[in-house]
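Throw the hints in and build the complete structure from the sequences for me.
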Amino acid sequence: MQPELLIEARGLALGYGGPAAVSDVSFALHGGERLALLGPNGGGKTTILRGLLGELRPLAGTLRVAASCGSVPQTERSRLDYPVSALEVAAMGALSRLPWWRRPGRHERRTALGALARVGLQAQAGATFGELSGGQRQRVLIARGLVQEARVLLMDEPFAGLDRPAAEGLEALIDALAGEGHAVLIATHDLEQARRWDSVLCVNRRQIAFGPPAETLDRAVLEATYGGAIVEIPGGGKAILPPQHCH
Amino acid sequence: MLAPLEEPFMQRALAEAALLGIAGGALGCWVVLYGLSYAAESLSHSLLPGLVLAAIAGAPLLLGAVPAVVLAALAIALVGRIPGVEREVGIAVVVTALFGAGVLLALSPSSPPGIESLLFGDLLGPTDADLLAAAVLLGALALSLALLHARLLAVGFDRAGARGLGVSPAAVEAALLVLLAGTVVVAVQGFGNLLVVAVLVGPAASARNLTSRSAPMIAAAAAIAVLCAVAGLYASYYAGTAGGASVALAIVAVYLLSVPVGLARRSRPGVATGPGYDL
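Protein chains in written order, with numbering that gives the first Met the number 0: chain H, 0 to 246; chain L, 0 to 278.
Hints are computed from structural coordinates only; laboratory data are not their basis. Virtual Cβ for every residue (Gly too), placed ideally from N, Cα, C. Don't take every hint at face value.
Claimed, not checked - Facing chain H, according to a computed beta carbon distance under 8 Å, are these residues of chain L, among others:
#1 11
#2 86
#3 107
#4 110
#5 138
#6 139
#7 141
#8 143
#9 146
#10 152
#11 153
#12 155
#13 156
#14 163
#15 164
#16 165
Said to hold, decoys possible - Over 12 Å on every C-beta distance to chain L, these chain H residues come out as not near it, computed from the model:
#17 41
#18 112
#19 213
Shown next, in the form of structure tokens:
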């Protein structure tokens, strides 16, 4: 059976009023797929996420979003002293189904508790969001997306600042969610991680490439994406040399 | 101890202070969480010309305050659209211009005596209309905040994410500003142009130091505001100090006491800091 097409962009350009911040973006995302969004800082990754959330209107091209998108933003720079519990954050997902005057009630809180259990955080339901570790905060925001019944999860550099066990746990959760039919779009800087997923979208103010990682991530694509040169590291590794160091 | 309560003017003053305190304390939590303390201060200061004109005309102050707050909001919005002018600079220019115009009017020969009550409020002498306005404000505010609570919480927590949840951040923020403008317009009668910001920011900032949940924070802020209103009015009764200023100083004192509590609470190790990745 062909997996369901959830997001399709064709020749999409997005921006903030002035010239396009990112253009020529064409990709498709199906249920059950993990798509890595690669690009340098300022290359348009967050702009694409904001476009998919409906915050920015396309300047050109078409964007079809056939499923609800749950946002999993970075929390490193957010106000961690905001007076809200993990359960309250997860329950916010139910707002999408409630009329504007209704607040999440007992039924929604039960759903939220189930979602927190799904991401392994049942015991932390009563904890203040800002007191959780970085990995736990990402999981709470995923739980919010699950309560929202989002088929697509949009994650903005979810691995930033996580230690190795937390990152591995989060990656396992992403795999499990994809196995259940969710589509996950992950903005990341980690090439090795991106190679393990189903497809990659490389952008640097315009789309450089889109496709399965094994066929897409070659030297030319990476150099165009990061605007630099790739150097071999003794021992078999590779590193991107940023442009200011290329001369 | 109960002697002040037997005085009819003190009963009225306590009723006015309690109504405005609960309203200001509860709304103030959202003012603080949304970073609108400066906007609250600006709105109250820019009401002055409207209040002075109403006083000169002998009209109810509310009639002057409402158009003044609309004018201030429009002016701030317009100045904010001028390219190259930062929002805070725009607010400062508009507020100083309006406050300056208010002072000019207040010092003109045609202004009636007692104009300083517009600046410092008249907590000890509320009229029946003032009490009614405060009661109506509190009722409308309580209903609005109860209905909007979940959306205010969601937008304040994650503005971009809220949109994905079908909540319009712009609509929620506009509703909050309307509630703020309405509260300032009514509370300025009791606390005055210069001191109303104390009841909007102080109790909420203190409550934030005491709790890390929104509902207890709102309850604590309202309770602190009422407590400070009673303490300030008692001080005013026995020491003959100005009512609004005494309440404002009581609010500041409670805030200073709450600071070490907040510091101790935040330096406590996190409730759950383990990796928590077992699936």
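These are the hints, each one checked on the structure:
no.	hint	in the structure
1	11	35 Å, violated
2	86	17 Å, violated
3	107	45 Å, violated
4	110	44 Å, violated
5	138	17 Å, violated
6	139	15 Å, violated
7	141	14 Å, violated
8	143	10 Å, violated
9	146	5 Å, holds
10	152	6 Å, holds
11	153	5 Å, holds
12	155	7 Å, holds
13	156	6 Å, holds
14	163	5 Å, holds
15	164	5 Å, holds
16	165	4 Å, holds
17	41	18 Å, holds
18	112	15 Å, holds
19	213	27 Å, holds
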